[in-house]
Each structure stands twice: as structure tokens, then as C-alpha cells.
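Order-wise, the sequence lines are chains A and B.
Under this note's numbering, the very last position in the first sequence is 112; numbers go up by exactly one each time.
Under this note's numbering, the very last position in the second sequence is 115; numbers go up by exactly one each time.
Take these hints with a grain of salt, some might be off.
What the hints assert, rightly or not - Simulated crosslink set (EDC-like; lysine to aspartate or glutamate; CA at most 20 Å straight-line): (1) LYS58/A with ASP102/B; (2) LYS57/B with ASP99/A; (3) LYS71/B with ASP86/B.
Stated by the list, open to error - Covered by chain B, according to a simulated footprint, are these stretches of chain A (three or more residues, beta-carbon under 8 Å): (4) 45 to 51; (5) 66 to 75.
Source of the hints: derived by calculation from the structure; they are not laboratory data.
For clarity, every value in this text was computed on a predicted model and none was experimentally measured.
For each residue, glycine too, the CB sits at the ideal point set by N, CA and C.
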Amino acid sequence: AQSVTQLGSHVSVSEGALVLLRCNYSSSVPPYLFWYVQYPNQGLQLLLKYTSAATLVKGINGFEAEFKKSETSFHLTKPSAHMSDAAEYFCAVSYNNNDMRFGAGTRLTVKP
Amino acid sequence: DTGVSQNPRHKITKRGQNVTFRCDPISEHNRLYWYRQTLGQGPEFLTYFQNEAQLEKSRLLSDRFSAERPKGSFSTLEIQRTEQGDSAMYLCASSLQGTGTDTQYFGPGTRLTVL
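Take these sequences, add in the hints, and give me the full structure.
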């Protein structure tokens, strides 16, 4: 069965610092992988997705993620955090695009 | 550019009452999904439609839950005899089936509180 694990329910960084949000997946077949962001009282917005093309995926708002099959990871990074990045981030996995499984989420706090 | 809309945004009901939520997808999208999100958790898949056909249902979707998409456009999710454990955010998403991976676009959700 496919699933994702997000390490760290809460990450705090200073403005301008590197953002690293961790996601590991388990899937018996090559997966599709996604990162979504959720701001308070809003729906989920797609940041980026991996679909077996390039292993380094660039998304919106300066975020990117690298698919590492050997580590079964798809960590999300951003070189320099901005206050507006504070939100909840969800990693998700799917191999048929019908049944997407989400991680529990990581809440990112950005300190001034 | 209109995204996915959901109504109502908030619903407070008493245990045992029935509630119905509506989702309007992006107009050309033929797939529509329902998810449930409880506090501190990621969304959990409930069911999805391709056009008017309900193609998959999660075991989370008990017999008190029913979803319809009668004309392949908007969808409704009804919960009968609500229980306190039904309190959650109900999210709708839509996508356009095509080659490759279909991106799901989410609505703002309906927050249900069962007293």
C-alpha cells in the first residue's frame, strides 16, 4: 500500500534561512509525488509534482523538491524563507492519480 | 478564472441531523474528488467521480455517506444521522483527465461541526 511519512509536524526557521521539509514515501510501483500548501481556512494549493520526468522538480514560490528513489524521499526545499511561506505543507503520493494519499502535514513557522 | 467552490463554508449541526454539502468544480474538469480532513491530519480520500459515474469509494465512506454528481458537473455529499466523529473539514477537488498525471485543484472546504 502506498503511503507517505512527513518527518516533523512542526518546523521553525528564521526569515532568510533554508527551508527543508521532509517526506518519505512507500510505494510498490514508481509513484507520482506532490507537495501542497494550505493557508489557514483555505484549500490546498499545488506547489509541485513529480511524474517520473526530471528528478529535480521546481515549483511555485521558489520551492523545489528532489525525487531520490534510493532513499524513497521527496524532500521540499527553499533557499530563503519568507514570512509569507508560513503555512501547512502536505506531501502526497499516488500511482494511479485516483487515490491520493497525504501525509499528516508539517506546519512551517517563519520567525522575523 | 473560477476555481473549485464549495458551499456552505461552515456548517454547525446537532447530532442525528442530516447535512448536505455542494461542490462546483472547475467547469471543464471531468473528475471530481471528495476528501475529509480532521484536525492535525492530512486529507483522506473518500470518493471520486469521472463525469457522473462514481468510480471509487474509500472504506471511510460509511453507509451514512452518499455522494452524487447527477449531471457530471456539480456534486453533493450528504451525511445522514450525523455523529460527533463526523466533525471535520470536507474538501472537494477536481481535475481534467488527460495524458500523464492529472493535477487536482482543491476548493476551500466545508467545515462541519457536529454538536
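Please work out if LYS58/A and ASP102/B have their alpha carbons no farther apart than 20 Å. Satisfied, since the Cα-Cα distance of roughly 17 Å is no more than 20 Å.
Agreement of LYS71/B and ASP86/B with the hint, judged by alpha carbon distance not exceeding 20 Å: violated (27 Å)
Okay, the stretch 66 to 75 of chain A and chain B, do three or more residues pass the C-beta test at under 8 Å? violated (count 0)
So if I understand the rule, the pair passes when the alpha-carbon distance is 20 Å or less; does LYS57/B with ASP99/A pass? Answer holds: LYS57/B to ASP99/A is near 10 Å, not above 20 Å.
Outcome, coverage of the stretch 45 to 51 of chain A by chain B - at least 3 residues whose beta-carbon is closer than 8 Å to one in that chain: With 4 residues close enough to chain B, the hint holds.
Checked against the numbered hints above, the structure breaks hints 3, 5 and satisfies the rest.
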